[in-house]
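Student: Spelled out, the chains give:
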Amino acid sequence: MDIRVQQGAFDIGAETAAFAARNTTSGAVCTFIGQMRDFRGADKTSGEPIASMELDAYPGMADKQLADLAAEAQARWPLDDIAIVHRFGVLKPGEPIVFVATASAHRGDAFAACEFLMDWLKTKAPFWKKETGPSGSVWVEAQASDDARAARWKET
Amino acid sequence: MDIRVQQGAFDIGAETAAFAARNTTSGAVCTFIGQMRDFRGADKTSGEPIASMELDAYPGMADKQLADLAAEAQARWPLDDIAIVHRFGVLKPGEPIVFVATASAHRGDAFAACEFLMDWLKTKAPFWKKETGPSGSVWVEAQASDDARAARWKET
Amino acid sequence: MNILYFAWVREKVGVAEETLNPPAEVQTVTQLMDWLAARSPKHAAAFSNRASIRAAVDQVHSAHGAKVSGAKEVAFFPPVTGG
Amino acid sequence: MNILYFAWVREKVGVAEETLNPPAEVQTVTQLMDWLAARSPKHAAAFSNRASIRAAVDQVHSAHGAKVSGAKEVAFFPPVTGG
Chain A
1 MDIRVQQGAF
11 DIGAETAAFA
21 ARNTTSGAVC
31 TFIGQMRDFR
41 GADKTSGEPI
51 ASMELDAYPG
61 MADKQLADLA
71 AEAQARWPLD
81 DIAIVHRFGV
91 LKPGEPIVFV
101 ATASAHRGDA
111 FAACEFLMDW
121 LKTKAPFWKK
131 ETGPSGSVWV
141 EAQASDDARA
151 ARWKET
Chain B
1 MDIRVQQGAF
11 DIGAETAAFA
21 ARNTTSGAVC
31 TFIGQMRDFR
41 GADKTSGEPI
51 ASMELDAYPG
61 MADKQLADLA
71 AEAQARWPLD
81 DIAIVHRFGV
91 LKPGEPIVFV
101 ATASAHRGDA
111 FAACEFLMDW
121 LKTKAPFWKK
131 ETGPSGSVWV
141 EAQASDDARA
151 ARWKET
Chain C
1 MNILYFAWVR
11 EKVGVAEETL
21 NPPAEVQTVT
31 QLMDWLAARS
41 PKHAAAFSNR
51 ASIRAAVDQV
61 HSAHGAKVSG
71 AKEVAFFPPV
81 TGG
Chain D
1 MNILYFAWVR
11 EKVGVAEETL
21 NPPAEVQTVT
31 QLMDWLAARS
41 PKHAAAFSNR
51 ASIRAAVDQV
61 HSAHGAKVSG
71 AKEVAFFPPV
81 TGG
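Protein chains in written order, with the numbering used here: chain A, 1 to 156; chain B, 1 to 156; chain C, 1 to 83; chain D, 1 to 83.
Warning: the hint list may mix true and false statements.
[Claimed, not checked] Think about it this way: if two alpha-carbon atoms lie no more than 20 Å apart in a straight line, the pair counts; the simulated PhoX-like pairs of lysine-lysine are:
1) C:Lys-12 with B:Lys-130
2) A:Lys-124 with A:Lys-64
3) A:Lys-130 with D:Lys-12
4) B:Lys-92 with B:Lys-130
5) B:Lys-92 with B:Lys-124
6) B:Lys-64 with C:Lys-72
7) A:Lys-64 with D:Lys-72
8) D:Lys-12 with D:Lys-42
Just so you know, these hints were derived from the structure itself, not from any lab.
Input sequences plus hints: build the corresponding full structure.
Tutor: Given below as structure tokens:
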């Protein structure tokens, strides 16, 4: 298990290769990469461009929260390994924000765990985005759709 | 769109980096890597070890079938890009068999399309695995669970 | 008509590909399998369990009832197991 | 007790962290917000819309009714938007 909250950029190719290399006996590896978008809002055509983004973080809690999410995923699915890397600080458009990887014997478990981790991370990990564009800097507002996606995984 | 059926090994890290690099304006990138398992059957502890695997392929139809699957995924979800790389020939344990990547503005679409592509590829792409272990060579049998997973995506 | 065989179907028939001219009355995948099975004991063995054989007509997955008349390429193989 | 502020809550309060000793009667997150809001106009502005403020008590997400008595670290922030 490899969980990191870091200020510096990370290399998606190197992260993916390293994760696969230490899980060669897992039949299924699923990864997700969240990249900084270059426009505001939900629609690429109407949103104003974003020049840079600042990710505010609560570092101590972020480490703990991501470790808790990984433990929850491992309790729910038979996983061989999990990696989560999340940046904070100033980012440029196109740079990766988050990398999540899961390894399992079966692809259904790898996909489900990876999507679960992203959905819960989006509503529980203590990071806040501030986007800077031509009209100034704005804190991104949380989306109801993220709460809805996270709620799908609640146990009944 | 990048669809390749190839005999040589591919580099997971390089494939992932190249896909992300040409889709920096997509907020969400999902990848799946199917790796050759080193044991037979569903269970790592009971299955006998596998020394090597031969993947038989129907190359002309494989290219066409993967292109059709990618077109179907693009019709169903708003995707910016798709990559599919599938090997054939002789593979060693731990080597990647298949790489599927999707890029979209939203993670739900990227995850769904990537899982759909893998599920349909498993039941439609013309490849056949023959595993060689201590007790000889055996053609892998298709699994009912793969049919069930593929059927989830049938439109009603 | 090019007839292709893959995986254990190929191993049982003993060749990967044959170019044949089935008679006009061979119109469906099932009729083509009947006609091929009569060619040799190896063909008969390959086509003995039809339920485990899939077909592609001109590189498109096709049911056993599908037409083969006019096709350039027909392939026979077990259910696929790639990925 | 260390009080931490993040994102626009930090910008409105004007500081990232304060070490304070709330009186014994401040027992819940809500009571702590009431007590903090009375400290200055900036604090009052930061805590004017309680519905948009989340809290973590000793680094665990906590409801506004949760206990803060005995906590070492309480953080206030808007709903998270990472990932």
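Student: Would you mind marking each hint as holding or not holding in the structure?
Tutor: Going through the hints against the structure:
A C-alpha spacing of about 15 Å is found between Lys-12 (chain C) and Lys-130 (chain B), which places the hinted pair at or below 20 Å, so the restraint holds. With a CA separation close to 11 Å, the supplied pair Lys-124 (chain A) and Lys-64 (chain A) stays within the 20 Å bound. Straight-line distance between C-alpha atoms of Lys-130 (chain A) and Lys-12 (chain D) comes to about 15 Å, which keeps the hinted pair within the 20 Å bound. For the hint pairing Lys-92 (chain B) with Lys-130 (chain B), the CA-to-CA distance comes to about 12 Å; that is within 20 Å, so the pair holds.
For the suggested pair Lys-92 (chain B) and Lys-124 (chain B), the alpha carbons sit about 24 Å apart, so the restraint of at most 20 Å is broken. Distance restraint check for Lys-64 (chain B) and Lys-72 (chain C): the Cα-Cα separation of roughly 16 Å lies within the 20 Å cut-off, and the hinted pair is therefore satisfied. Taking the CA atoms of Lys-64 (chain A) and Lys-72 (chain D), the gap is about 16 Å. The hint holds against a cut of 20 Å. In summary, the hint linking Lys-12 (chain D) to Lys-42 (chain D) is supported, as the alpha carbons are separated by about 6 Å, within the 20 Å threshold.
In summary, the structure is inconsistent with hint 5 from the numbered list given earlier, while agreeing with all the others.
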